[in-house]
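Asker: One letter stands for each residue in the lines below.
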Amino acid sequence: MSKRSIIPILYILFLMLPIYWLVAMSFKTTNEILSGFSLFPQTFTLENYKVIFTDPSWYWGYINSIIYVSLNTVISITVALPAAYAFSRYSFLGDKTLFFWLLTNRMAPAAVFALPFFQLYSSVGLFDTHLAVALAHCLFNIPLAVWILEGFMGGVPKELDETAYVDGYSFPRFFVTIFLPTIKAGVGVAAFFCFMFSWVELLLAKTLTAVAAKPIAATMTKTASSAGYELGLLAAAGTLTIIPGAIVIYFVRNYIAKGFALGRV
Amino acid sequence: MKTENQKAWLFVLPVLLLVAFNALIPIMTVVNYSVQETFGDNLFFWEGLGWFEQILRSDRFHSALGRQFLFTFLILIIEVPLGIIIALSMPKKGIWVPVCLVTMALPMLIPWNVVGAMWNIFTLPDIGLLGYFINNTLGIEYNMTRSPIAAWITIVTMDVWHWTSLVVLLSYAGLVSIPDAYYQAAKIDGASPWKVFRYIQLPKMKTVLTIAILLRFMDSFNIYTEPFVLTGGGPGNSTTLLSIDLVKIALGQFDLGPAAAMSLIYFAITLLVSWLFYTLMTKDDAK
Amino acid sequence: MAKITLKNLRHSYLPNPKGREDFALKEIDLDWQDGGAYALLGPSGCGKSTLLNIISGLLHPSEGAILFDDKDVTHLPPDQRNIAQVFQFPVIYDTMTVYDNLAFPLRNRGVAAARVDERVREIAEMLEVTEMLGTRASHLSPDNKQKISMGRGLVRDDVNVVMFDEPLTVIDPHLKWKLRSKLKELHQRVKATMIYVTHDQTEALTFADQVVVMQDGEVVQIGTPVELFERPQHTFVGHFIGSPGMNVLPAAEDKGKVSLNGQAIAVEGKVMGAGGNIQLGIRPEFVSLSDAGLQARVRKVSDIGRHCVVEAMVGDTSIKAVVEGEVPPQGAEIHLAFRQDQTRLYRDGWLATEVTP
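Chains A, B and C are the protein sequences, given in the same order. The opening residue of the first sequence carries number 7 in the working numbering; numbering runs sequentially from there. The opening residue of the second sequence carries number 519 in the working numbering; numbering runs sequentially from there. The opening residue of the third sequence carries number 25 in the working numbering; numbering runs sequentially from there.
Treat the hints with care, since some could be wrong.
[What the hints assert, rightly or not] According to the in silico footprint, chain A covers these stretches of chain B (three or more CB under 8 Å from chain A): (1) 540-552; (2) 567-573; (3) 579-585; (4) 664-674; (5) 707-718; (6) 738-746; (7) 783-789.
In short, the hints are calculated from the structure, not lab data. We put the CB at the ideal spot given by N, CA and C, even for glycine.
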């Protein structure tokens, strides 16, 4: 181990400390938490998790989140694929302007859109549905997906397309059976980022839901304010929201660095 | 060379429709509000550019904007160099690479309000790990619900914790794409480590760093959830950043006109600064 | 400039090499004279790049020593060896101008500004890049970039050796010969010891005075281009050099009498040794059509410009012959004659005939 590896080690330690504290807190009883400081849970309890897994208003929060995040990922990737292909292969009237305009939507402060989104989705009758949140998150996820996929597709030589046409492939067949497998790493990376940004976003998700599609993150804020200091429960719920991200990140670990590098500005 | 093909628009159409639905209609709504006055009951009156003038002259907006710029400035000045340093000291290959990548990316995948809640628990003076440590072990008074300085240090530290990894991962991606031959040539040319960084690593990281700085600017400038959960904008108004103030006006006071005008000004500033960053950072390439 | 000696060099990428197979370089002994132009030629993975990196100091050999002018440099780092290396892909410092790129190795060694300027202009002149000195290096074409990386190698006048690691890989074919002749010209002007690594025989044969042919981590033959062509010491060299390569034909030998497919063949001289796997080697250039001799049937005729290559079958063995003028049609029954002084016998791959004085 060299001297310079001390820097990443310290950094990772810094990253892990708050997470450790959250996890440790989730195994403590409310009594222990309120009675004072303890580095490790003194009376180890799973009570907090039991509450979450038995109370529908809690576990439905998870299910809701997973549903709209998955829905968003599927929608974003599906529509971004042909668009990214068009940007990487063809030049057409207004292509650069369009690409830039797409990216500007990534810059819009979510707070700006909260109220108009509420009105828009209420007026089309989608308020408090999973679809509403999934569609709203498209605002920032589609530009990102197009951007990443375009980067990966740009790395595939055009000759691949031409060879396939010469071999008599129709466009849809070529796209699905040849092109998609070639850029599957890119699709994975794009899906990862869509999942990530949809999973972590709260402001829009909270604004567009009330009961039926309420995300876990919103359930947590309600608990924090209404039930007073149920810190253990809050910590357990927080710990559980880390897990899906950790699983997803584990699967794409080899592509993360690459996915970042291949985007273009 | 790309082929000229206007039919490509058909490929872009679904994206266009979805994003337009989500972007154009709400923006139009916002523009609509920004030039009108309402007293409830869906009664609207033409207000012209009055709200814009009022916002641009209000001290409240100026101080929120000032705080916002200070926050973003601190974030960039800390996270970018720190991220580069960490990326430079990371292993290039071996089993520790995935371990580093996974653990470093983890904070970015935690829902933003959980991040806020987590830091809240972490910094509570009496029962939080960090809060307890600073107050009782180091004996320094630290309570972010009382001291604006403590609140600022906490939200900045939280953002460093949350997002430095983005800079690390991007820089790292740039670094690993440098062929070994460059390092070998530098060795043979007798270049010092500083020169290797200055003339090989930094130029090769430039593209990804541009992306990193742009993303960090946009996201830190638009930040809402984490500081809101952590400090609620307090104590006083000391950590009321632009978004927090905006939501207060729009949803708290339901002042739709001023909120809409403020939204548009806010959006315009984000776009303008992003464009400035982008032009400045890529101007060398144009030569 | 220096004489380079490699003594019993062995290298393995494994921490604990056991058998011979674990070594990427097996026992290399070489002497390179001061100011010579050498080429290391061999297929991919033969160990030539490993050898190059050992000479430049980027790798430390598992065993053996490297001497520059009889001084042991085995454990010196690259920057203290006073060498220059040009890589497969042009390595240039993107953000610097061409001038700064060329000045970089000198400035790093604290050379006075006036001297730097003098050397840079001199080298730029030689490489014909003077008018580009002010441009950013990233805007250059690949061949000019490669010129600049060569220039960075040549700019120091105290270099012991300049090494080229397949430097023309990314260069367009029509520019390759231009750069190659430039290199040759440079060598004659600066008189530095140069080592050129390549898998392309044309590049090696046109550049070098002496070519070292490598295979599987071993040196198979060292010689001038003519020697390699005319008397390959190993069937591999025969195969690898020449286009088409040497005919290597399964043969039989009994007490110095050689036969191919049952017919007696006269070889260049006395046969040495006994036993082993016997092969006959003759270059297509020295196989001719005649009225008598080996009976064969024409399988294929390919026109390669100035002459034709006739591929004929003797039993199950295919023999190539370079024929000028009229060629027989496919399927024709012909006779082949071998030029005796160019017909050699190989035992287990190694040359086993001696020229009779």
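Asker: Counting residues of the stretch 738-746 of chain B whose CB is closer than 8 Å to a CB in chain A, do you get three or more?
Answerer: Since three or more residues must qualify, the claim that chain A covers the stretch 738-746 of chain B holds, with 4 doing so at under 8 Å.
Asker: Under 8 Å between beta-carbons, do enough residues of the stretch 707-718 of chain B, three at least, approach chain A for the coverage claim to hold?
Answerer: Result for this restraint: violated, n = 0.
Asker: Is the listed coverage of the stretch 540-552 of chain B by chain A valid when you require three or more residues with a beta carbon under 8 Å from a beta carbon of that chain?
Answerer: holds (count 7)
Asker: At a Cβ distance under 8 Å, does chain A reach at least three residues of the stretch 783-789 of chain B?
Answerer: holds (count 4)
Asker: Please count how many residues of the stretch 664-674 of chain B have a CB within 8 Å of a CB from chain A and say whether that reaches 3.
Answerer: violated (count 0)
Asker: According to a criterion of three or more residues whose C-beta lies within less than 8 Å of a C-beta of chain A, is the stretch 567-573 of chain B covered?
Answerer: violated (count 0)
Asker: Would you say the stretch 579-585 of chain B counts as covered by chain A, given the rule of at least 3 residues with C-beta under 8 Å?
Answerer: Coverage by chain A is violated here, the residue count being 0 at a Cβ distance below 8 Å.
Hint violations for this structure: numbers 2, 3, 4 and 5, all remaining hints satisfied.
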